[in-house]
Amino acid sequence: MMNEMGKETEGFTSKIKLRKSKKSQKKAVKSLQSPQEQELLSQSLEDNENKFRSIYKDCSDVVIRSFYIGGKDNAILIYIEGLSNTQEVDDSVLSPLMESSGEGNDQVKSLINKKIPVTSVKEVKTVAECISEISSGNPVIVADNQKTGLAVGLAQYEKRSIDEPQAETVVRGPREGFVEALSVNNSMLRRRIRSPKLKLKSMKAGKYTETKIVIAYLEGVADPTLIEEITNRVSKIDVDGIMDSGVLEEFIEDDPYSPFPQFLETERPDVVTANLLEGRAAILVDGSPFSIIAPITIYSLLQASEDYYSRFLIGTAIRWLRYVFLLVSLLLPSLYVAILTFHQEMIPTTLMITVAAAREQIPFPALVEVLMMEIAFEALREAGIRLPKQVGSAVSIVGALIIGEAAVSAGIVSAPMVIVVAITGVASFTIPRYSASITFRMLRFPMIFLAGTLGLLGVMLGIILIIVHLASLRSFGVPYLSPMAPMKFNEIKDVLVRAPWWKMNTRPHFTGEYNKSRQADNQRPQPSNGGDE
Amino acid sequence: MRCIIRKKTVKRMAEFLMCVIMPLILSGCWDRIEVNDLAIVVATGLDKTEEGEIELSVQIVNPKSMGSKSEGGQGGGKQNTVEKTTGKTIFDARSKLQEKVSRKLFWGHNHIIFIGKKLAEEGIRKHLDFFSRHPFTRLRASVFMTNEKPDELLKIEPDLERSSAEVAKDLAMLKVGLSVTAKDLLDMLSGEKRGAALPMIQIEREPPNTEGLKIYGAAIFNNGKMTDQLDDKEVRGLLWIRDEIDTASVTINPEEGEELISFHIFDATSKLIPSIENGNWKIKIEIVSEDDIVENETKLDMMNPKIIEKLKEQLEKQIVERVKLALEIVQKEMKVDVLGFEEAFHRHYPDEWRKANWEEVFPEIEVEVVSEVKIRRPGRSTAPQGVPENEVIGN
Chain P
0 MMNEMGKETE
10 GFTSKIKLRK
20 SKKSQKKAVK
30 SLQSPQEQEL
40 LSQSLEDNEN
50 KFRSIYKDCS
60 DVVIRSFYIG
70 GKDNAILIYI
80 EGLSNTQEVD
90 DSVLSPLMES
100 SGEGNDQVKS
110 LINKKIPVTS
120 VKEVKTVAEC
130 ISEISSGNPV
140 IVADNQKTGL
150 AVGLAQYEKR
160 SIDEPQAETV
170 VRGPREGFVE
180 ALSVNNSMLR
190 RRIRSPKLKL
200 KSMKAGKYTE
210 TKIVIAYLEG
220 VADPTLIEEI
230 TNRVSKIDVD
240 GIMDSGVLEE
250 FIEDDPYSPF
260 PQFLETERPD
270 VVTANLLEGR
280 AAILVDGSPF
290 SIIAPITIYS
300 LLQASEDYYS
310 RFLIGTAIRW
320 LRYVFLLVSL
330 LLPSLYVAIL
340 TFHQEMIPTT
350 LMITVAAARE
360 QIPFPALVEV
370 LMMEIAFEAL
380 REAGIRLPKQ
390 VGSAVSIVGA
400 LIIGEAAVSA
410 GIVSAPMVIV
420 VAITGVASFT
430 IPRYSASITF
440 RMLRFPMIFL
450 AGTLGLLGVM
460 LGIILIIVHL
470 ASLRSFGVPY
480 LSPMAPMKFN
490 EIKDVLVRAP
500 WWKMNTRPHF
510 TGEYNKSRQA
520 DNQRPQPSNG
530 GDE
Chain F
0 MRCIIRKKTV
10 KRMAEFLMCV
20 IMPLILSGCW
30 DRIEVNDLAI
40 VVATGLDKTE
50 EGEIELSVQI
60 VNPKSMGSKS
70 EGGQGGGKQN
80 TVEKTTGKTI
90 FDARSKLQEK
100 VSRKLFWGHN
110 HIIFIGKKLA
120 EEGIRKHLDF
130 FSRHPFTRLR
140 ASVFMTNEKP
150 DELLKIEPDL
160 ERSSAEVAKD
170 LAMLKVGLSV
180 TAKDLLDMLS
190 GEKRGAALPM
200 IQIEREPPNT
210 EGLKIYGAAI
220 FNNGKMTDQL
230 DDKEVRGLLW
240 IRDEIDTASV
250 TINPEEGEEL
260 ISFHIFDATS
270 KLIPSIENGN
280 WKIKIEIVSE
290 DDIVENETKL
300 DMMNPKIIEK
310 LKEQLEKQIV
320 ERVKLALEIV
330 QKEMKVDVLG
340 FEEAFHRHYP
350 DEWRKANWEE
360 VFPEIEVEVV
370 SEVKIRRPGR
380 STAPQGVPEN
390 EVIGN
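Residue numbers (numbering that gives the first Met the number 0), protein chains in the order written: chain P, 0 to 532; chain F, 0 to 394.
Be careful, since some hints might not be right.
[Unchecked claim] Dumping the calculated BS3-like pairs for lysine-lysine here, alpha-carbon to alpha-carbon at most 27 Å: (1) F:77 with P:235; (2) P:235 with F:7; (3) F:373 with F:311; (4) F:7 with F:77; (5) F:373 with F:116; (6) F:334 with F:305.
No wet-lab data here; the hints were simulated from the structure.
With the sequences and hints as input, model every part of the structure.
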């Protein structure tokens, strides 16, 4: 099936690495449904009621309410407490039905049209369908002598209000972030892209959780093969549950053993919008405020949304600052160790003497010292995240005191080392994506080891290994280092610099191939017809 | 089935990783040296004893003396330690030195080499090999000749800097005299027939109770052996010819009186233009310099183009005189080419150069010195200051 697809859209298909079809491909999400649930609803209400009662045995939150339509026809209403708007159920379902004059033998269709003043009402035919509606919060009515039931769209449940994203704050730019409720997130996207070309393809994953997953893309901009591939990979997932987009990510990424993230995680609808416009796809998972975007390159991870909202010169400068500090966060401690233990001739004499003086009383080798401090710093960072907010400040005080002051004056670590660790710590926070920043923070430990054993040669070796790995990495077929490797000179506009918006006329090469032109040419602001005269 | 395959792959991967990581850890740290196990040598002194052995003295920084504030009053003490031994070669002496020093001698930060008079007279060429061969020494170390004992120089505790090594280094950087690095020296000596020049340094004992270093003059080496010494004035001329003048001051005495005018030369270049006509070896030294007037004792108006023109001529003459003074001594008396003439001829007339006996040719070369001076700025004031307007000459 996938091969066929490949033939349809030639050229670009070759870039997307399609997953090899395995034997297991045919099976969709393995169903937990018992034979009982596969059945159609029966004519007899008693049968149906018994069926539901046995299915929902010991489900204390499920309410099954029996009533008479128009005072004579027996019916039941099933809903889950807290998932439906009971006030509305009373007003627009129960009361009109109960009070109806009762012409009798009303068919389901006419009931919908005449008696229930609710926008979304659906007929349901099987028990399974009923269950799915009930779980989504829509109350289901099953009446006697009717083959179909009615699902009334009155789902309403508690959700967090839209908030500023915690992990991606900006000075300038939209401040709303996704929430856990998928419908709210969908609406946020739809508010930003009003064109019907915005497709929100819905899927489900998770045997028990039956988590809703939405693949968002722009029809006509995103490559259909990409969407097909994402759909394929998602549909192959057969697990108990998907708790967060992070779980989904691990099942569908290209290189599961790589330390580098192959999806861009974001809480910001504006980031998703921008990426959709560049031909990428976003995957939203119900219950998670983090959507994931693919395919990405390493540069996507280093671009903050604010780069695009501030002036382009400033955006470029900040971007460069980030590149520099990315290297600092990866290399500074290892360079320090390498130079201090193997290449003492490489630093200026005065600095060397200063460092030597500071290290005079230190009992540990530089390697041990760096490891101690870096691990302590990582522990502090981790503790800062995990601890309850009330305790958090205590940790930072203790951390700053112990690491900053006491350790130095006790002569356990040297002052230059504290500076190195501090700069490294700060540097890693300049990377806008947490998943990328944590990768570089962790990679610096092997680098420190290499530096401590092989000196600068080891550091070089580490860098080469990382670059080789990055060069071989792909995210949905897009080379991770593109557009630098393979080099696309045209694309540098959004990598080494942040080109002004009126210059970025084409979409990025790999994701925008399907529909290249982004905007009209010559949009640089200029006086019309030669100026003021 | 699948599970078994996974286990195998994991096992193989683990084995592979072990193979990669173990050698790193097992062998890796063998040449690791912590900074606090190093004795950082910042200056080296070389001399010869009466018995003909190499006398090696080193200045080692004492990091303890620079102790950080948190260590309280523990800091202090001598900032540098000077150690001295003798040996058959430099490295032999170094090995003996290591017996006395508890930390590993580290030459990576050695910026200064002082060469004693006795060694200089007996020839330095063979001893320089150590500094070009040993991987830890710097070729950019500045080399000085001294008439005193090198270890005396190392022992000096200067007022401003931390050590005498730093004083010597900064003096070399200021380019007040010759500035020669180990690499330059090797270059100069590697020319078959060429001479070499080294700056000389001595202990400055004025005012009493304080000590410092002072660069004065230069030592001239012929075939790696010191033959002559130049004084300060002659060295300035030498610098002009070698295009090593960085900044200089020239003071002239305009005809009108005893008052002087000082110029600051902020840019000077000189070019050697060799020519051979009918077997006559000639060289033309073209010196172009740009000057500012920085001090004017006279009543001359510095804004008057005629006066400036006159000053220019005098200045040019002065520079030519300086150069000629050096030429006279170096070319005619010492007959050692430290002027770079040989290189100029080698480049322009390689065939003739190869045939010629340079030692005979060099003293006979006809030298023409041309100086061009550009007076750029009169300084902050135009007319002479503190002089009534009617007394200003040329107004």
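Status of the hints after comparison with the structure:
no.: 1; hint: F:77 with P:235; result: 75 Å, violated
no.: 2; hint: P:235 with F:7; result: 25 Å, holds
no.: 3; hint: F:373 with F:311; result: 7 Å, holds
no.: 4; hint: F:7 with F:77; result: 64 Å, violated
no.: 5; hint: F:373 with F:116; result: 41 Å, violated
no.: 6; hint: F:334 with F:305; result: 42 Å, violated
The structure fails to meet hints 1, 4, 5 and 6 from the earlier list, while all remaining hints are met.
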